[in-house]
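Chains as they are written, first to last, in UniProt numbering: chain A, 1 to 658; chain B, 1 to 658.
Take these hints with a grain of salt, some might be off.
Put simply, identical chains are the same to the list, so a pair is met inside one copy or across any two.
[What the hints assert, rightly or not] Taking lysine to any residue pairs in the SDA-like style, the calculated list, with each CA pair at most 25 Å apart, reads:
{"no.": "1", "residue 1": "K147", "residue 2": "E84"}
{"no.": "2", "residue 1": "K589", "residue 2": "D622"}
{"no.": "3", "residue 1": "K205", "residue 2": "D648"}
{"no.": "4", "residue 1": "K205", "residue 2": "T470"}
The set of hints was computed from the structure by calculation and includes no laboratory data.
The lines below spell out each chain.
Number of protein chains: 2
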Amino acid sequence: MPSPGRAAPPSRLSERAAVPAGPVRPGPGARALLTPAAVQVHAGFWHTRRQVNARTSIPQGPALLETAGNLSNLRIAAGLADGEFRGAYPFVDSDVYKWLEAASWQLAQPGSADDGRLADDVERIVSLIAEAQQPDGYLNTWFDLRKGGRCYQDLRWGHELYCAGHLIQAAVAHHRSTGHPELLAVAVKFADHIDSVFGPPGSGKPIDGVDGHPEIETALVELYRETGERRYLDLAGYFVDRFGHGLLGGEAYCQDRVPVREATDVEGHTVRQLYLLAAVTDLATETGDEELRAAAQRLWDAMTRTKTHITGGLGAHHDEEDFGDPYELPNERAYCETCAAIASVQWSWRMALLTAEARYSDLVERTLYNGFLAGVSLDGERWLYVNPLQVRDGHTDTGGDQSARRTRWFRCACCPPNVMRLLASLEHYLASSDDRGLQIHQYVTGSYAGEVRGAPVVVRSETDYPWQGTVTLTVEETPTDEPWTLSLRVPQWCTEYRLHCGDTVLDATDASITDGWLRLERTWSPGDRVVLELALEARLTVADPRVDAVRGCVAIERGPLVYCLEGVDHPGGGLDDIVLDTTQPLAAKHRPDLLGGVTTVVAAGRRRTIDDPGWWPYVNADGADPGHSDEPIELTAVPYYAWANRQDSSMRVWIPTL
Amino acid sequence: MPSPGRAAPPSRLSERAAVPAGPVRPGPGARALLTPAAVQVHAGFWHTRRQVNARTSIPQGPALLETAGNLSNLRIAAGLADGEFRGAYPFVDSDVYKWLEAASWQLAQPGSADDGRLADDVERIVSLIAEAQQPDGYLNTWFDLRKGGRCYQDLRWGHELYCAGHLIQAAVAHHRSTGHPELLAVAVKFADHIDSVFGPPGSGKPIDGVDGHPEIETALVELYRETGERRYLDLAGYFVDRFGHGLLGGEAYCQDRVPVREATDVEGHTVRQLYLLAAVTDLATETGDEELRAAAQRLWDAMTRTKTHITGGLGAHHDEEDFGDPYELPNERAYCETCAAIASVQWSWRMALLTAEARYSDLVERTLYNGFLAGVSLDGERWLYVNPLQVRDGHTDTGGDQSARRTRWFRCACCPPNVMRLLASLEHYLASSDDRGLQIHQYVTGSYAGEVRGAPVVVRSETDYPWQGTVTLTVEETPTDEPWTLSLRVPQWCTEYRLHCGDTVLDATDASITDGWLRLERTWSPGDRVVLELALEARLTVADPRVDAVRGCVAIERGPLVYCLEGVDHPGGGLDDIVLDTTQPLAAKHRPDLLGGVTTVVAAGRRRTIDDPGWWPYVNADGADPGHSDEPIELTAVPYYAWANRQDSSMRVWIPTL
């Protein structure tokens, strides 16, 4: 779920090609609130990835959910079939809801609704969900079928409110995209049931509690935005503030160790932490709560400074899917769950809207192009649950959901429909507007449409980003009688750029550009053109020395892309003995034939053959260098997002220099 | 489980102060088989640790097993009490058996049997076990109490044969130490039951299968040694060879991916792999099977070259307690289960006896002094299940069995009684003899007694090892009419030494010393003295460059000890920003007041304060060095085995040099 903003009441489907996002209500303490702009992506990098999502990933969903048993569970709960609950986890309903959210956003894309099959699948599953709902509004097939309906008695592990949250998000997407009321009615009925059950001591409600896996909180804020019903916002605020008080046993895993208002670092289960923080930011946006805003800023800083992989990936431990300690950023055992990357994009985008600060969209960009996109294969049919930064030459894969090899579907299938919904709603995360103008956060070929003081503004964009750094923007609609500001984000990775706008030329030496935004305030005319040239040199990156795992290593980056080496491109010896020569220049080489068309980066290196070390691999540092012979080798790096799309192979992002 | 060798029938307890180990039967293809020598430890480093084991750890066992429910389960199974099975795992019986094995070995120590309490505890629990055994010989409280006695139907997870193995090992220890027949009778009856049930297709036995957790195999070899019954050896051989054929689903975790005769690398669950390999070596020893011998040698080499931490610790993954990939040796997430260190000692010692090669005892030494001994606190009351090589300054511990903080007892309490049994039987691993003489593998203050061509030889030893490198050996008993060889292991870490023996002076320049053994062949007289001086300089060690986790780091070692830094010794800033200056000398400083008396190593270093890196910790490698200010600091390293015995603190073994 995408973005704050209440939708205008839909009229005809075709008019909502880009889902219009209504105004955010600034709260009393809010500053600089931005509103999502309506964006269309017409061509280029993300268009290609979204086409695969629309044509392969999303359409295959219903069959995969059928095979895995998720839809069968709903039919049984609806009394339409007999049988046993199927699925390895209590939260399998959420897979259906996330797919439904993805498909609903997809139906809002130009042309998608013309394909009757997807709309039919959506309406068929919506009807099934409505039939499975109990008269009082409750809905969860695990508790219905396995637990005799003993609901809300295992909040720590049951995931009932988590599933409800995904149902609500799906309903908001479905209503906003199609205008159909049916699923929203299911969500409202369930939300009202939850609101009648949960509340603080003294409220007269029977349960004072929260769900072990946050998700309902941000969903309730979205439901508030969609319906205008304040109770949902209040309920979200109640839930957020009840974490950290021991209702779940006090574990960091469940975000229950410390109240978020007091927290100083992100901790515990990564996705749970991030979903909770997205809700914290939503609440700060909608209510103007300065304490929540400060907590969100503080925790975002702590996370990015010490717990974020270079890919934007989050989560250092397989065990408990935990954030890990500060600067604990392993490579081969990086967890970096695909869902965590998605949650990070959702949270950071909310922070960008709340604060108007560019760095939040810097992380969105980095995460989208790297940690997130690696989660799905180029053909849209295979997935990674975890996203390691290294796979060794001798890697023995034990399979399962956490495999380093792409998998068709998972026992815990949270990631695939999560990828689908983010790709299908990607345009929600690309631009914003406010009373002063339009802000372009991410560069695509398409159009950005916002509203400035009641007047529509539309800017067309053409770019071959991220392969090329030139972005050509043409004003298409504008009030011609009053000035507004076109703001362009200068990516954090970019140290050299030039902007042409009529007679204006700005570059990186311009002192006015200090906060990541290039701001062009003027009275615009249709046809005005702005050309932004971002220097896209391949570069070597080093980490803070406290990141122990990558000491003595560099990463290759170009533009927003993090690169990696794959064993398949380096036959004859694998990657474990490779050293990069930092004194030699890097060369970018576009390869339209490779991996759907990528720019590779070629570097000079050598392959080190170490003399037989005997049985013990640790030697006296005196006399130091273990004997070895070196052979020069050309290293070919490919974008990290495209790895693991050929044969099983070794891979590494961080390359030794010594 | 200690050492091959059938015990002489016991006569009086006091005569078996050091448990005599009978001759190993060399098989047809065996070469260089050694026999364990009888050793007594009188004083010094290991004596102190064993005193704590004898006076604190072992005596507290029964109360802890009572609290955890293990003994209650046996009483219920015996019909002596009512109640429910208690314990988190199906294999909790094995905790009792391992404690019983520890206590039994302890009873063989001089003076221990005089403490009637321990002997009473042992006999009381032995009787309880005998009463809990079913008439047909089967015994497992989990299956009795929880599974309605449906035995051998869940070999993958049930751990029935694993528990049986520990029962058999305990019975061998009990019989060998005390001469009492009761527990051995229980073990024999259970082993006969297993032998009647398990066998290859066509054998007429009902089940062709193996246990998901190896242990029964090496126990059956021990039972064969204790009873002379060949069926037990054959059954062990059958089990070993049935792994790797898919009987357990083909998973590496259960050692079922590939037959051990074909395996080229250690893999899967670390302790399972090591217990299996101990049995492989036992079988090679007893049967002369050259293929098993070759497999054991091949796998030991693979393990030590690429999958062993500098502490001797084994196991890279928390997830599935897995070995991990070659050169995947993380620090903060090192698993290095204490039980794996114990299993490694057991396996390597068997390899030393089988091959007479010194390197196996090199690894025994390294593991005993580091990866193993860190598993128990100096006071003998608290434990580590996993043994990380780094704990960060900002470490958030989630508690549980895998905590980086010492714990009183575990839900899965495999490690504590395993430590107890190894410490109580430590003398089994220290020396050997054969027809040519006596081999001293580990240096202690005490006496080494073997038999050379029928004649007893006894050598007394005095040393302050590992703090000092001088070992003074005095021949106490010897045939005076024929020569024999006294062999002294020169530790693999030692590059400079001098040996004085009468007129003979040998040092590291002597070309005859090529395989780790100093061999002194002569006709000895009582009172002959040999002085070995091992140079004990503190040193810096680097790893094979393929060990990514420690690139740009050094470890401090001195003698057999690996050192670490603890935050508690470096107030005012923790350890994450510390750099060691490799150009400055190291200084050893004995501190009798510290940690029970340790030699510390002092090094020069600096504390690096990094300029505020902003929100993103990855920077362009050009312009390189992130700004920082450095402050000189004296680094104090303590032996790794002694870490985590003061307040909770950060710790690191590998120290950055850049």
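Numbers of the earlier hints that this structure fails to satisfy, in rising order: 3, 4
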